Amino acid sequence: MRDIIRILISPLVWLAAFSAVYGLHGLICGHGIDGEAFGLPLPRLLLVAAYAAAILVQLPILWALYSPRFASPSPFVRFVSRATGWVGLVATVWSLLPVVMTSYCG
Amino acid sequence: MNALQRHRRLTEIWASDPGFRGWFSTVNHTDLGRMFLATAFFFFIVGGILSMLIRAQLATPHSAFAGPEIYNQIFTMHGTIMMFLFAIPTFEGLAIYLLPKILGTRDLAFPRLTAYGFWCYVFGGTMLLVSMLLGIAPDGGWFMYPPLSGPLFSPGINTDFWLIGITFVEISAIAAAVELTVSILKYRAPGMSLDKMPIFAWYALVTALMILTGFPPLILGSVLLELERAFGLPFFQVDLGGDSLLWQHLFWLFGHPEVYIIFLPAAGVISTVLPVMCRTTLLGYGWIVAAAVALAFLSFGLWVHHMFTTGIPHMGLAFFSAASTLVAVPTGVQIFAWIGTMWKGRPELHLPMLHILGFFFTFVIGGLTGVMVAVVPFDWQAHDTAFITAHLHYVLFGGFVFPIFAGIYYWLPHFTGRKRFFRLGELAFGLIFAGFHVTFLAMHWVGLLGQRRRIPTYAPEDGWTTINLISSVGSFVLTIGIAVLLIDVILHVLTAVRGRRNPWNAGTLEWAMMTPAPAYNFASLPHVTSREPVAEDPELCVALARGQGYLGEPRHGWRETLTVDIASGTPDYHVIYPANTRLPILMSAVTGVFFLSLLLKFYWTIPVAMIGVAILAWRWVWGLGLKEDIPPQGIGRGQEVPHAASVARSPGWWGTTFLLTANATFFGSLLFGFAFLWTVAPGWPPPEWLAPSALELGIGLAGIVAAPIAARLARRSQAPLPFLAIAGAGILAIGAVCAALMLRTPDPTGHAYGATLLVLGGYGLFHAALAALMVAFLAARVRRGFVSPLRRAELPIVGLWIDYLATIALLILLAGHLPGLLS
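Residue numbers (our numbering), protein chains in the order written: chain A, 29 to 134; chain B, 467 to 1289.
These aren't lab readings, by the way, just hints derived from the structure by calculation.
It cannot be assumed that every hint is accurate.
Said to hold, decoys possible - Restraint-style ranges between C-beta atoms, simulated for each label pair: (1) B:GLN1105 / A:PRO101: 21 to 31 Å; (2) B:ARG812 / A:LEU40: 17 to 27 Å; (3) A:ALA92 / B:ARG964: 28 to 38 Å; (4) B:VAL837 / A:ALA80: 27 to 37 Å.
What you are looking at is a predicted structure, and each value in this text was computed from that prediction instead of being measured.
Each residue gets a CB set at the ideal place from its N, CA and C atoms; glycine is no exception.
Turn these sequences into a full structure, and let the hints guide you.
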């Protein structure tokens, strides 16, 4: 079961992060959260922070999938889990990129 | 014992009952797989006839062929049948038939569950067909958007048939998904580690996991909409705190993964058949596995791309647009791996290969138009036009029907033991390919010219007449092609001559047995050392028939097999299957009474049906028990393994784990719905919150803490009964507070808030009742001597349900009482 988890963990974290950021976006727009912090609009700041957090969670997972301590003893599972690890990271960076690109409640 | 004696003895043990009554009592995966496939193709024919009626209607302007009411029923039933009664059951049927054979085992994990799922599918599908024959079929489109499908705009019974019939059929999908997941992970030939699994098994595993997490949102949506229609709980009525967009979210949370649930098994067929047709091995096995996993996950991040025109803020649209473009990457990886496989091999243009080429041509076009509609501004123009209808047919026909036809022709010699005699298949392929592209290329065109989907007619001055006529002619050519294909298959089954085993010289294990397959699959189980064991050892079939593998000596009349460790494939434990029984068909019939009672609003029979299901479920599980310890069993090749009843993680534990995964997705979707309504729906906050109660919270929390702890102690104790009593008391406490939540919730017909709390409380109460029944069952088993220090497999299974109950109860209490406390 650990090998299955190694294969699934990164995309699973992406799915959770993607849903969480979409939910946060819904909360911000639905409840009209506004204001400023550090000279930036608070909604943008919250979304960018969530985006950064999502990437920061993916990075150590990918590192773990490469480290001898956590990687699978099976070469096949090592390969597939690293590939899906990259999928999780790239999907996080790409699919949540709109938080820095587009208007948030327009 | 020689090979023939072994065959006779094993057939005696494993065969279904003879004759017609065997259909109703069989639990054999080969029989049930065939029955699934035959039923699915029956529905395919019905859906195809409906599509002819649609094209007949649209062939000319101002057509009087069918009135709008009937036309609405026709296109709704066409979509519904093709998606729910053909595509998914075809995957289930193929996987049920094939998986134990390619995995090198004797049956699936839960044979009676296979049969139960099949009969639920038959009864649910029949319910929908009857509605059509009576002229009261669903008519709100296959995605049933409220408010059109709500009580105000669809007051008849038509929509109820869809909501209840489809939910009934989806029991079958969930049952099959649990079954397939456990079977692929645990029921493989010894030595078959994850890297040696046939590629089709990987695809089936990914698909089954997707069904477990993709179908529950739709089941929830159907339950909520039916509650709105039957009892006036306003989940989708904006003026009462509901929101029709909630349905769209729930539907497409299912609906988009559904596209990949349909495509991935077909891709599994391609990945299996293509290398054989090209006389080589699959290029990039690891890459393909990673791509399938990536595709499965990414498909859950695309659902809003069906909702680009609903007014969602730009950033929300951009998330899903980005994810939608990303999904082309793993799809591309698979396509390039298949092209590479053809490049490195020597392709031979047999009939399955023709259909694979048809798949390539068609699916790539469908994929490219998919990328087009993933771009928001283009989607705004094309949304709800015939362009979308054409796109989805390119994806589904190209991505599913062509590969399935390839698979049928590839495995037909296996199904029948015969070789092709008539050569109608090539003609059929030509007609299907040409007919399909004429029909749907034209439909792209007319869509871009502005023809809306689902319109019953149009005027000559719209300028669509010629294109529609061409499209209709193409569709009739397509139908003739499919008819020729079916005739070809029927002629093959009835009249072709005996063929040789393994006519394609394939390397996977399904060809290491006689054809048609015997009821027991393998006389002895193989030890696998490569991904293509038959290619490695062409004499494997003979060796297995001689009993030189595992479990080669039939004993005690047992239907026995082995499980393996998930990663390494080393033998794990010994399993004895139950025998033929009519229990599955009986239980699905009683389940049908439950759904029929809901449909016809005979509410007094609902509790009767529920009690009937509970009694049959009790009987079902009771029959599995043993009153004496079975020592570790010799499995051949000098090895011994423990029996499944004596391990902590038995097949039942695995099945429960995956069933609870689906259940948790259902509950998570309900919480999402609550949060969505609270955040997005107009008409919030509600007029009044539930008054928080310290007493209820205290009782509930005591139950939440006591029940799981007592269940754990029962597992460790030599005398579990007192702990089971404490667990039972904790469960009753949880049930009581859930019932109190239902009773005290603000008027559930007055606002979606009260309605949601009612459903949350009902969900908790149902699970408390279920857990109480399980604890009572377990206590009865302990008292009757079915549980001993060596036979404790049932305790962890009930423990899983109690843990789940405690978790959901905590969340229900928080969702129910916290808003009142905070306000």
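Original post:
That 21 to 31 Å hint for GLN1105 (chain B) and PRO101 (chain A) (C-beta), does it hold up?
Top reply: 22 Å, holds
Original post:
Can the suggested window of 17 to 27 Å be confirmed for the beta-carbon pair ARG812 (chain B) and LEU40 (chain A)?
Top reply: 41 Å, violated
Original post:
Falls inside 27 to 37 Å, the C-beta gap from VAL837 (chain B) to ALA80 (chain A)?
Top reply: Holds - the Cβ-Cβ distance for VAL837 (chain B) and ALA80 (chain A), about 29 Å, lies within 27 to 37 Å.
Original post:
At the C-beta level, are ALA92 (chain A) and ARG964 (chain B) separated by a distance inside 28 to 38 Å?
Top reply: 56 Å, violated
Checked against the numbered hints listed earlier, the structure breaks hints 2, 3; every other hint is satisfied.
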